[in-house]
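**Student:** In case you want the letters, here they are:
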Amino acid sequence: MRNKSKTTAFMGLFTALALILAYVEVLLPPLFASLPGIKMGLPNIILVFLLYRRSACSAIVVSLLRIALVTMLFGNVMALLYSLAGGILSLVVMILLRRWNVLSTVGVSVAGGVAHNVGQILMAMLLLETAELGFYLVVLTVAGTLAGVFVGLCGSALIRKIPANFLFLDK
Amino acid sequence: MMKQKNVNKRHLRNDILLIIVLLLVAATGAAYLFLFRGFGDVVKVTVDGELYGVYSLSQDRTEDISTGEDGRQLNRLVIREGKAFIQTATCPDGICAAHRAIFRNGESIVCLPHGVVVTVTTAQTQGEPDVVV
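First to last, the sequence lines map onto chains A and B. Going by the working numbering, the final residue of the first sequence carries number 171, and the count climbs one at a time with no gaps. Going by the working numbering, the final residue of the second sequence carries number 1133, and the count climbs one at a time with no gaps.
Take every hint as true, because none was put in to throw you off.
DSS-like, lysine-lysine: derived pairs with alpha carbons at most 25 angstroms apart: (1) Lys161(A) to Lys6(A); (2) Lys161(A) to Lys1009(B); (3) Lys161(A) to Lys1003(B); (4) Lys1005(B) to Lys161(A).
Where chain A lies over chain B, by a calculated footprint (3+ residues, C-beta under 8 angstroms): (5) 1011-1018; (6) 1026-1035; (7) 1104-1115.
Just so you know, these hints were derived from the structure itself, not from any lab. None of these values were measured; they are calculated from a predicted model. Note that CB positions come from ideal geometry on N, CA and C, so glycine has one too.
Isolated chain B (complex conformation) (with noise of 0.2 angstroms):
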């Protein structure tokens, strides 16, 4: 008995320690992202891994970004006021379209169903002038 008391008892103080560890980790990781990241001036789009379109935030604009076969299945991409947000589309779950506003440097909102990845990058980092549409 006292033994399996023991053993409870360490069980619970290594799920308090994973816990905090796990919980470090995302912390470290959003410090990362938020404070040293600063803000992006581009959006970059990519479809199943493939580049589609590179826009410039600064720049309000309407683009449907359609995927598929036979090019129906839409994203439409908005950027407003220096932030980006997919506003419909017509994938089953429409995550993407429910994701919030993107602006700050490798926030990304992702489309599964249609493959469709749009990340907020830096010109300098995209470098070549002739992919920016």
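So here's chain A without its partners, still in its complex pose (with noise of 0.2 angstroms):
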């Protein structure tokens, strides 16, 4: 994109979004009492739908500066942290399966969902330096696989409805 005012507008538009969802989240009851902390992952759509219609880059820097924003709001230096681990590892997956062109959009979210809770478990294990976190990570993979597919179905279904010269989305 050429334009650079476009450009800084529509950054600001999907992070809010991004941030408004990360926010949605937090107020939704747990999905399961039993096992908190598992999260739907809902700003996933909005990266996922970025990542189909736009660029690789502008996902990239809308998910950074959500867990900027995320960690300004509500959080923690340590949250910090684990939202890093998770995002980046998240992002890097679903950017390569989205290049190497062998999954659809659940598919992509699936892996990115996975891969989010790998990498706060790898977070964990460095920081709490301790190795006996593979209960978490049984629970977490079908979590993140359960959270990707609905996520994935959101964003696939965005991706059909939202035309491509939406917003000028094409240019």
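Dock the two chains into a complex; use the hints.
**Tutor:** Shown next as structure tokens:
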């Protein structure tokens, strides 16, 4: 995109959307009372959409901005480290899979969801210096898969319904 | 058009394959954890990777795990009827306190904000009697 102010407005819009979804997710009751800490990953809908409709670069920018803003608003430094580990690993996996073109949006978002959880567990192993988090990995793999299917379906619905020229997305 | 349809079909097949593989990996992990590890007899508490204490599961007790620079971050570990759980905690998310009681070998409760990890293990693997509090 050559028009700088248009790019800025775009990034602002999509970052705001991702931020709102992250906030909605905090407000929603936990999905499984016995397994706290499991989230749907709603902001990932925005990232999947950007990945398919715009560019990998825009998804990276929005993801990092969202993590920074959520940390400033609700979190702390520890939460930032976990968010970054999950967010970066998830995005890298999704960008690569998108490029290889072997999966649909649902598959890409499933891989992204699981990668997000794996990234957070790896960070936890690193910070807490313990390798005994295997149980969480099992639970989070299943949770990441289910959340990924939901997010992927939402993302593909958005991609289908919103035309390529909406908000000059194609320019 | 025909070509696009084939691509979509291939994508769908790969999606399903990916999901099946992921669920199989999780199922294998779960089977390993639940079938082959049995029950533990002690819980090991570590704070930021350093050993805080080892407590027997066969004896009911309540232990306040204090962490942080001034020791004001608290996680109350309760052992009752052979199971361990965090009753209350001062951490912001309270995820550790909401976690169900643990008793199988290898199960753990983690409090990320305080860096506290409570893991069920066996006395044999812990060895040294001098660390058993």
